[in-house]
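Using the sequences and the accompanying hints, generate a full structural model.
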Amino acid sequence: MWLPEAQLRRAVAGDIGMHIAAMKLFDDLLDDDSGFDRFELALCLLLEQRAVSRLALRAEDPRTVLTTIEDNFVTVGVGQLRTKREPATDLASWRAHAETYGGCFLSLYGTLAALAGRAPRTSAAATDFGWGFGMIVTIADDLRDYERHGERTGNLGHLLRTGRVGEDALRALIEEARVRATPPADVPCAHDLRPIIDRYADDILDRGLPILLALPGDRPPPPDGRS
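Under this note's numbering, the final residue of the sequence shown carries the number 227; numbering is consecutive throughout.
These are computed hints drawn from the structure, not numbers from a lab. Quantities reported herein were computed from a predicted structural model and do not represent experimental measurements. All C-beta atoms in this analysis are idealised placements derived from N, C-alpha and C, irrespective of residue type, glycine included. It cannot be assumed that every hint is accurate.
Once the Cα atoms are required to be at most 25 Å apart in a straight line, the calculated DMTMM-like pairs of lysine to aspartate or glutamate come out as [said to hold, decoys possible]: (1) 24 to 71; (2) 84 to 31; (3) 84 to 5; (4) 24 to 70; (5) 24 to 151; (6) 24 to 90; (7) 24 to 5; (8) 84 to 28; (9) 84 to 145; (10) 24 to 145; (11) 24 to 99; (12) 84 to 147; (13) 24 to 86; (14) 84 to 33.
Cβ pair distances, simulated, as ranges [to be verified]: (15) 7 to 167: 38 to 48 Å; (16) 20 to 78: 17 to 27 Å; (17) 60 to 87: 37 to 47 Å; (18) 6 to 194: 19 to 29 Å; (19) 190 to 40: 18 to 28 Å; (20) 7 to 90: 41 to 51 Å.
Spelled out as structure tokens, the structure:
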């Protein structure tokens with residue numbers, strides 16, 4: 001998205017895709033729920049190392065890529081541990097967790113694209129898009145996990161259904177993420193991102209939330225205590 005020249009864009013996208021695939025395999029290795037051989041999943045380390053090397057060599061200063069990856073994965077890793085050990089109890093704590101494993105994780109790849117593509121002008125917009133879109137996707141995933149699998153502990157849908165997160169506050173967060181994800185008009189993009197952002201955000205607002213709120217059970221009692 002952030003690199004106008006098509007050949008360079010394809011090359012950088014391949015390297016970033018390799019890193020994302022490595023992280024997915026690493027997640028499968030930790031969870032051991034994919035059915036794949038764990039020794040084969042461990043090859044994610046090779047993919048991760050190769051992707052980092054390629055991205056660093058493309059950058060004007062390889063150290064910027066290495067520092068960016070290290071700093072961001074400290075945030076993601078610590079955030080994942082904290083999410084498991086201290087489940088969210090309200091919107092503020094849920095957002096604090098989601099900004100680490102959702103917002104930070106995707107914003108990292110926007111930053112890496114700008115660094116590896118030597119396009120510093122797009123760096124801030126790419127990072128903001130990753131944060132905003134990452135938050136939108138994380139909200140959608142949590143609501144879907146509640147609806148389909150009945151996830152409870154720390155789940156945003158459960159917090160919403162039990163009154164610990166207000167619908168208006170959640171809608172405001174989605175709009176904040178939409179605005180931040182939308183690139184400024186003066187930043188060059190290979191494709192128009194606005195339809196993609198709006199499709200995901202509007203799907204939560206117009207379909208996901210109404211379905212979730214209409215489900216039976218898990219609702220707080222009325223203020224007067226009557227059932």
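**Item:** Index of numbered hints that the structure contradicts, given in increasing order
**Value:** Violated: hints 3, 6, 7 and 19.
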